[in-house]
Amino acid sequence: MKQISIAIDMMGGDPLEEKVRREGQRLRHKHHATPTERAVEGITMLAKDRKQNSFEVSLFAVGDEKLITESLAWHGALDLLEDFVTIHHAHTHYEMDGTLVGEGGKRDTSLYHCMQLHKEGKCNAVFSAGNTQNVVIIASGMLGRLSNVIRRPPLFIFLPTKNGQQYALLDAGSNNQVDAKGLYDFAMMATLYYKHVLGKNDYSLGLLSNGEERGKGTEITRRTAELILANPELSPHFKGNVEATHIYDGCVDIVVCDGFTGNIYLKACEQSASTVGEWIKQGIESESLLSRIRHKTGYLLLKPVFDEIKYRVNPSQYGGAPLLGINGVVVVGHGRSDGEAFYRGVKVAEQFILADVNKRIKDHLI
Numbered sequence: 001m002k003q004i005s006i007a008i009d010m011m012g013g014d015p016l017e018e019k020v021r022r023e024g025q026r027l028r029h030k031h032h033a034t035p036t037e038r039a040v041e042g043i044t045m046l047a048k049d050r051k052q053n054s055f056e057v058s059l060f061a062v063g064d065e066k067l068i069t070e071s072l073a074w075h076g077a078l079d080l081l082e083d084f085v086t087i088h089h090a091h092t093h094y095e096m097d098g099t100l101v102g103e104g105g106k107r108d109t110s111l112y113h114c115m116q117l118h119k120e121g122k123c124n125a126v127f128s129a130g131n132t133q134n135v136v137i138i139a140s141g142m143l144g145r146l147s148n149v150i151r152r153p154p155l156f157i158f159l160p161t162k163n164g165q166q167y168a169l170l171d172a173g174s175n176n177q178v179d180a181k182g183l184y185d186f187a188m189m190a191t192l193y194y195k196h197v198l199g200k201n202d203y204s205l206g207l208l209s210n211g212e213e214r215g216k217g218t219e220i221t222r223r224t225a226e227l228i229l230a231n232p233e234l235s236p237h238f239k240g241n242v243e244a245t246h247i248y249d250g251c252v253d254i255v256v257c258d259g260f261t262g263n264i265y266l267k268a269c270e271q272s273a274s275t276v277g278e279w280i281k282q283g284i285e286s287e288s289l290l291s292r293i294r295h296k297t298g299y300l301l302l303k304p305v306f307d308e309i310k311y312r313v314n315p316s317q318y319g320g321a322p323l324l325g326i327n328g329v330v331v332v333g334h335g336r337s338d339g340e341a342f343y344r345g346v347k348v349a350e351q352f353i354l355a356d357v358n359k360r361i362k363d364h365l366i
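Take the sequence shown: its position 121, counted from the start at 1, is 121 in our numbering, and no numbers get skipped.
Hint data in this document are derived by calculation from the structure and do not stem from the laboratory.
All values derive from a computational prediction rather than experimental measurement.
Think of the CB as a built atom: it goes at the ideal place given N, C-alpha and C, for glycine as much as any other residue.
Among the clues, some could well be false.
Taking lysine-lysine and the DSS-like style, the derived pairs with C-alpha atoms no more than 27 Å apart in a straight line are [said to hold, decoys possible]: (1) Lys181 <-> Lys195; (2) Lys267 <-> Lys162; (3) Lys162 <-> Lys303.
Computed Cβ-Cβ distance ranges for the label pairs, DEER-style [unchecked claim]: (4) Glu70 <-> Glu212: 53 to 59 Å; (5) Gly144 <-> Ala230: 24 to 30 Å; (6) Glu70 <-> Ser288: 45 to 51 Å; (7) Ser288 <-> Asn163: 35 to 41 Å; (8) His89 <-> Thr275: 21 to 27 Å; (9) Asp14 <-> Glu120: 28 to 34 Å; (10) Phe260 <-> Ala230: 23 to 29 Å; (11) Ser235 <-> Lys119: 33 to 39 Å; (12) Gly215 <-> Glu278: 35 to 41 Å.
All chains, full assembly: derive it from the sequences and hints.
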């Protein structure tokens, strides 16, 4: 039976609401927890389904040993330390703004220790919901890159379409400047992930541009299109340029762009969703008592619809974004990842390992 070991950064993530203690009981919702508590929630979920796997999994819980042990105890999961979880103590960690917390330097952080375990071959993959740039820089520096791949790995994320499906965007913020060969490599790596991890051979591929016409875009994107069309494996799936206004229609499965463009697109989408939510809230909280009653009644009737929308845009269902092009397996979760996101992020890492994606990337790009 194949054995897989994954290191989880137990300290990486956004600090949410403070823990509440009342009469010795910790009262909190799953989103009102520290990153360590949310990570432990994910670990307990992983423990429940490990017997269904066709492979053996073990975890390194990397971070403050005291906090990890306390959270495992609260979940009644200390028995997992016997054969499933190994606590690897780290003195300090990175906050989401990149600052260090605790005694010690960079080499004492939970993230650095995760990468060190991976580099030494003690684990097969790393999952972190910490600061993305820190993860990219430390992973690139410690693990190195696959030969002939762009200097920094692209951030590969999944987003929902309006028909309930999903599409992949890369690069979402790792490489601000990329030449045509770099964008071509992004496209190749993404399609290999789609085929061998997601099991989808009928994917479609497009370049983010300012117009669908073949002549639109920059010199770099036009040259990228030529490289893709010259590849007999990619060209049948290539739909050419795609505009941002059509991506949510599900026009393609994979959207390729440089990290500067991708990050602006991503943040604009996130803020648009937040703004619409705020408008709805303002509309419900009308100044007129009669209007408030009418609006809140309508909200209650439509609540199942709002809940479905909330689920579609919840990053937890995607787990995390693999860093493609790293000489190892590193998955980055959203800073607000809950227990489900930690669970799904580790499952993404497992699938990446089992599909031997890095070997396939090397075979195609070298």
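Which hints from the list above does the structure break, by number from lowest to highest? Structure breaks hint 8 only.
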